[in-house]
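J.: Residue strings, one per chain:
There are 2 protein chains.
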Amino acid sequence: MRNISRAELKNASVPQLKTLCDALREEIFRTVSECGGHLASNLGTVELTVALHRVFDFPRDKIVFDVGHQCYTHKLLSGRAELFHTLRKEGGLSGFPKREESEYDCYGTGHAGTAVSAALGIAKARDLKGEDFNVIALVGDGAFQNGLIFEAMNSVRLLRSNILILLNDNGMSISPTQGGTHEILSELKDGAPEDDVRLFERFGLRYSGVVNGNDLDELLPALENARAALRHESVILHVVTKKGQGYPFSENAPAETHGFDPRPVTRAEYPSALGEELIGLAEKDERVVAITAAMTDSLGLRGFFEKFPQRAFDVGICEEHASVLAAALAAEGMRPYYAIYSTFLQRAFDEIVHDVCAQNLPVTFCVDRAGITGADGETHQGIFDLSYLSFIPNLTVAIPKDIGEFRAMIRASADYGKPLAIRYPRMGTEGSVAPFEMGTFEVLHSTTSDILILAAGERCLEIAEKVLRRAQRNGFDASLVNARFLKPLDTKLLSSRPEKYVVTLEDNVLAGGLGDAVARFLRGSGKEVYSFGYRDAFIPHGEICSLACKYGLDPDEIYACLKELHARG
Amino acid sequence: MRNISRAELKNASVPQLKTLCDALREEIFRTVSECGGHLASNLGTVELTVALHRVFDFPRDKIVFDVGHQCYTHKLLSGRAELFHTLRKEGGLSGFPKREESEYDCYGTGHAGTAVSAALGIAKARDLKGEDFNVIALVGDGAFQNGLIFEAMNSVRLLRSNILILLNDNGMSISPTQGGTHEILSELKDGAPEDDVRLFERFGLRYSGVVNGNDLDELLPALENARAALRHESVILHVVTKKGQGYPFSENAPAETHGFDPRPVTRAEYPSALGEELIGLAEKDERVVAITAAMTDSLGLRGFFEKFPQRAFDVGICEEHASVLAAALAAEGMRPYYAIYSTFLQRAFDEIVHDVCAQNLPVTFCVDRAGITGADGETHQGIFDLSYLSFIPNLTVAIPKDIGEFRAMIRASADYGKPLAIRYPRMGTEGSVAPFEMGTFEVLHSTTSDILILAAGERCLEIAEKVLRRAQRNGFDASLVNARFLKPLDTKLLSSRPEKYVVTLEDNVLAGGLGDAVARFLRGSGKEVYSFGYRDAFIPHGEICSLACKYGLDPDEIYACLKELHARG
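Chains as they are written, first to last, in our numbering: chain A, 8 to 576; chain B, 8 to 576.
If we strip away everything but chain A, and leave its shape as in the complex, we get (with noise of 0.2 Å):
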């Protein structure tokens, strides 16, 4: 698609910019075909995007894209049309704003909740600067229950510095959103009552809406109206849009086409065993309830809510929030497992401290996508969970070697009675479902190398698997035993082993992770330690495997420096 120039754009009749919407959801369905990213809020969101570049003056205004998921139409109408087909590649395009890409990209986005607090900063340092321009935050509903929006909410009266928050309602996180404010939201639609628009006011923000956000006729004259607001007082929008909006089989399964990847299925999944074994749990013993944060589908639980509704919490977007329920459902005897991607665990910090682990009570964090996940880029790599989890007292930290070692550390969670971390990728393989100990190493190949590799998961391990075999096929060896605890180390194994040279291998940055611990633990041993992992930095989008490599876990550095050891004896 070709770039589309602000002069264009402002000149348009309204006729004109609906073709434009329509060209524009063509580009947006064909690309995400193509480079996979998020459909159904991108579809959702073409009109009213259009709207705000015909009304508002962006980069002098500036807009927050809340999670920025939604951004596609924003990238293509700020000079990145040509540059759209690159999306998500490496080295191309990000799938959220970022400041470094654009200055029509004026904050930084990933996880949900923050654009009502940036727009606030950016708003609050426009007025000590003595500046002049608008400042929207546009954020979803399923974002709207998260506590940081309702913190920055609070924070509207205080800070007065006026800002538009557009309220995208399309009754949707990734999962149907639920709830207090879900009811507050339904019953504005239904016909606004004052005491819910006296409630806005109270948080010093005049509403006004309901808008339909996927009609220009009526978004447009609503945004100009709103812009003019602006000028004496906070503003929230509530726009009501469509996800999928314009492609019937988005509309119809929003929650299935909120993400999309072109890539075919060719591995096992994680979530799918992480569903399967909670159901089989369940089952068994009643005091298993599983918990998520609005992603029941990408996390396997599915099943899961159908067959056990009553055990089941999705609590919206409220990592923190879920956190404590399962500390306290763990404090009244049951089970609780809390499902959740590892870098939106990160929300949740403190919680797990403070809550979980200080009580020392049985919750299982089961942290999905961890490691590099790939396209989403820097917000969504798992690569901080082994730093941020491996330092926390009373909690035990295992990455599963494969699904089979999934499901048997499943199986055996629900007794173990203490704070317990998964960490595991999407994709793997299938593998075993074998007896282990909790806290044990597993040998995988023992030799009489002086050289002992410590690989802990499933992509640490296959690579350790294809330097080895590089290294038999070079005259030498070495030992590998799969670290499936980062936590309690498994100091018994590192005591008794007798190679000279260990080497370890994490899906994670070298930082506090487990080649810290390991080294922590064999300092004064005489044995050196050599550790392989993420450098100090945020990874962008890319392909998972080309981002490992050049982030730190690359084949050839590994073999180099086990020739090395190898050659030193």
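Heads up, a few of these hints could be off.
Note that identical chains are pooled: a pair holds if it fits in a single copy or bridges any two copies.
What the hints assert, rightly or not - The calculated lysine to aspartate or glutamate pairs, modelled on DMTMM-like cross-linking and capped at a C-alpha distance of 25 Å, are:
| # | residue 1 | residue 2 |
| --- | --- | --- |
| 1 | 534 | 571 |
| 2 | 473 | 224 |
| 3 | 425 | 108 |
| 4 | 534 | 457 |
| 5 | 499 | 535 |
| 6 | 507 | 535 |
| 7 | 425 | 138 |
| 8 | 534 | 506 |
| 9 | 136 | 290 |
| 10 | 136 | 110 |
| 11 | 196 | 208 |
| 12 | 570 | 472 |
| 13 | 534 | 564 |
| 14 | 291 | 313 |
Since the hints were made in silico from the structure, they are not lab data.
Position chain B relative to chain A; hints supplied.
T.: Positioned in the frame of chain A, the structure of chain B alone reads:
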């Protein structure tokens, strides 16, 4: 004070209960005067807690105290009166609710905003198990602004397990509460407008109030009605109490008497220095703004807030929002200083990663109360910050050796242009303000010994110096370096030092801290690293020095290590 039995409490007349309240208030005042602790909040909730113990049936019924600093009367009424003189002393009663201390403490707290989530979890477990008891969350209006509370409120309708939320409204966090939530509560106090009441209904809560929480004649029937209503639905009972009730000096200065520390201030304080330096910076640099999450006074920012009201933001107990606000202000060219206690910053972990560091924005985190803080116990020991900060890309982590160096760091920070965290304890020595370079260590004592000590921060340098004097008296010596940056490490200095043995000291858990980082850098150098810091445990309340010694910074052990290394040569 003697223990009061449940029967006594149930059979007492209301006048007798009032006399009991006087006695409790006296006991609290006397004990806090001696042991330190939270004064104003406990004086304010005596009647409320007596009424709760009269109307409800603890420990069968369960109560979760949000933050937990207001639990003294509860402890006095639940069989712990005779131990109350041990409050906050090592081995004595905790100043917060603690599961392992009493069956009356069903859920431990310390940080704000967890009570509603916890109450919901307990109530849900009750319903799943088919049990029958009441669950109460006691939440202050300060914590009521926290996002976690909102996330939990949003879940009340979803979870459908009845709880009683007791909203203890005293108009204060530690600082006075403000903002949208405060607005709603104020209106309710001014006459409960229907629309506010309906707001709670939408969240699935029957609103009842306002009740004078310092008046048993109002409280007892209100709690009885609430208990009856709980059969059918969740209830929020809005109670107004007066912080410091009964002690005019405390009523009139609730912020100043929120916490009470009986120890004379014999040393200088980092917070005062922070306030002075930020004022100095702000006078010269219009970009400088200060942010706090409801702790203006204890962070030393009162003067700044008075001098620069337009550039000072107290956003309430909203640690996450404060971080994003800071990131956005920095994105627009401001230089935000976000001052916060080490353990409370845990709440903003994801925002440090996702908003500040992933975007490489010049926010300075002033991480106060770092290291062991003593009498507040597990939830307040700042012993994890080096671990949770040191692996975040783009972040510089500084640990000043004294207040002078802290001042120098603050002065250098405004033009640093990158994310910076400075961690420091409350008390210290003044020292001189000397020039330094970011990312460099400082050699304090250089010898020809084989041993190099790297000590981070004032406490560790004191210990190191003490141990060194002992070594010198015993005929050997070691070099001493002020390891004032954990990230970046001063790799130039580390590479150039000739010593064979490196001993690290840090006021943090060992995992993921300075020792690990130094050891990682020195791997393969032939040098041996020995690390002292806290072992893998939550550290309970007690005296700072005694706890530090007990949990890993034992001068005798460190001396023994040096002696052995010296002997080895």
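J.: It remains to establish, for every hint, whether it holds in the given structure.
T.: Hints and how they fare:
| no. | hint | in the structure |
| --- | --- | --- |
| 1 | 534 x 571 | both (16 Å within a copy, 20 Å between copies) |
| 2 | 473 x 224 | neither (60 Å within a copy, 77 Å between copies) |
| 3 | 425 x 108 | between (44 Å within a copy, 19 Å between copies) |
| 4 | 534 x 457 | both (10 Å within a copy, 21 Å between copies) |
| 5 | 499 x 535 | both (17 Å within a copy, 22 Å between copies) |
| 6 | 507 x 535 | both (6 Å within a copy, 16 Å between copies) |
| 7 | 425 x 138 | between (54 Å within a copy, 24 Å between copies) |
| 8 | 534 x 506 | both (8 Å within a copy, 20 Å between copies) |
| 9 | 136 x 290 | between (62 Å within a copy, 15 Å between copies) |
| 10 | 136 x 110 | within (19 Å within a copy, 56 Å between copies) |
| 11 | 196 x 208 | both (17 Å within a copy, 18 Å between copies) |
| 12 | 570 x 472 | within (15 Å within a copy, 45 Å between copies) |
| 13 | 534 x 564 | both (21 Å within a copy, 24 Å between copies) |
| 14 | 291 x 313 | within (17 Å within a copy, 62 Å between copies) |
Hint 2 from the earlier list is the only one contradicted by this structure; the remaining hints agree with it.
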